[in-house]
Amino acid sequence: MTSVLPFLTVVALALSPAPSPAQARTADARPAARVEEPTKPADAGAGQVMKDSWLTTKTKMALVKDKRVKARHITVETQGSVVILRGKVATVAERIAAEEVAKGVGGVKSVSNALQVVPEVQRKSVDLKDDEIQKAVKGRLEKDGGLKDADIKVRSDNGVVTLLGKTPDAKTKTRAADLTRGVPGVRALRDELR
Numbered sequence: 361m362t363s364v365l366p367f368l369t370v371v372a373l374a375l376s377p378a379p380s381p382a383q384a385r386t387a388d389a390r391p392a393a394r395v396e397e398p399t400k401p402a403d404a405g406a407g408q409v410m411k412d413s414w415l416t417t418k419t420k421m422a423l424v425k426d427k428r429v430k431a432r433h434i435t436v437e438t439q440g441s442v443v444i445l446r447g448k449v450a451t452v453a454e455r456i457a458a459e460e461v462a463k464g465v466g467g468v469k470s471v472s473n474a475l476q477v478v479p480e481v482q483r484k485s486v487d488l489k490d491d492e493i494q495k496a497v498k499g500r501l502e503k504d505g506g507l508k509d510a511d512i513k514v515r516s517d518n519g520v521v522t523l524l525g526k527t528p529d530a531k532t533k534t535r536a537a538d539l540t541r542g543v544p545g546v547r548a549l550r551d552e553l554r
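First residue of the sequence shown? That's 361 in our numbering, and the numbers climb one at a time after it.
There may be inaccurate statements among the hints.
Derived SDA-like pairs: lysine to any residue, alpha-carbon spacing no greater than 20 Å straight-line [what the hints assert, rightly or not]:
id, residue 1, residue 2
1, 533, 488
2, 498, 552
3, 430, 451
4, 513, 481
5, 498, 528
6, 430, 505
7, 463, 481
8, 531, 504
Simulated DEER-style distance windows between Cβ atoms [to be verified]:
id, residue 1, residue 2, range
9, 511, 491, 45 to 53 Å
10, 467, 544, 37 to 45 Å
11, 528, 499, 36 to 44 Å
Derived from the structure by calculation, the hints contain no laboratory data. C-beta atoms are modelled at their ideal positions from N, C-alpha and C, and glycine is treated no differently.
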């Protein structure tokens with residue numbers, strides 16, 4: 361564990377944005393802009409993606425450092441400064457601790473805690489069952505001709521299936537959700553399709 365922390369620190373520093381020499385110049389040192397050339401606004405989407413990536417990295421590092429949490433069982437994603445925690449934890453206390461750690465990371469607006477509590481003794485059987493559920497849902501979605509234009513990813517955690525990705529319209533999104541609910545073993549559905 362101690363050898364992982366220096367590695368993660370190096371990775372985090374390597375991923376941190378560094379100003380380019382052009383950005384480091386002050387406004388006074390820049391040549392005057394020509395009036396006929398309108399300035400283009402910076403791409404806010406790319407900036408948000410970079411910020412989200414950085415928040416994901418910081419959150420993962422914070423989870424690794426915290427002794428109350430087994431970070432290897434937790435997947436972290438960030439969208440619009442909202443951290444999403446997914447995976448399986450052994451206890452309710454570990455689930456709460458993971459959420460507290462994520463909320464403590466600077467820049468995080470809120471945390472969506474989708475962690476499932478699965479005791480260690482049940483983890484192997486639950487993981488096998490989740491793999492079967494995930495394969496069954498993927499198979500059902502791939503066989504449906506109405507979903508051929510959809511880009512859908514499937515995840516299962518203790519029978520809670522999450523659909524991620526994009527669909528061309530609301531009808532396709534509803535169809536994917538209905539097909540998923542019909543798969544044996546699906547206890548609940550988290551529809552994160554756009």
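For the range 37 to 45 Å, tell me whether the beta carbons of residue 467 and residue 544 fit it or not. holds (41 Å)
Note whether the CB distance of residue 511 and residue 491 lies within 45 to 53 Å or breaks it. Distance hint for residue 511, residue 491 is violated at roughly 21 Å.
Are the Cα positions of residue 430 and residue 451 separated by 20 Å at most? holds (11 Å)
Given the hint that residue 498 pairs with residue 528, does the C-alpha gap stay at or below 20 Å? holds (18 Å)
Can the restraint linking residue 533 and residue 488 be considered satisfied, given a maximum Cα separation of 20 Å? Measuring from Cα to Cα gives roughly 27 Å; hence the hint is violated.
Does residue 481 lie within 20 Å of residue 463 when you go C-alpha to C-alpha? Measuring from Cα to Cα gives roughly 29 Å; hence the hint is violated.
Under the criterion that the straight-line Cα-Cα distance not exceed 20 Å, is the pair residue 430, residue 505 satisfied? violated (41 Å)
Given the hint that residue 531 pairs with residue 504, does the C-alpha gap stay at or below 20 Å? Holds: residue 531 and residue 504 sit about 13 Å apart, inside 20 Å.
Within 20 Å, alpha carbon to alpha carbon, are residue 498 and residue 552? Holds. Residue 498 to residue 552 sits at ~15 Å (cutoff 20 Å).
Lying within 36 to 44 Å: is that true of the beta-carbon distance residue 528 to residue 499? violated (21 Å)
Restraint status (C-alpha distance of residue 513 to residue 481 at most 20 Å): Violated - the C-alpha atoms of residue 481 and residue 513 are around 28 Å apart, more than 20 Å.
Hints 1, 4, 6, 7, 9, 11 from the earlier list are contradicted by this structure; the remaining hints agree with it.
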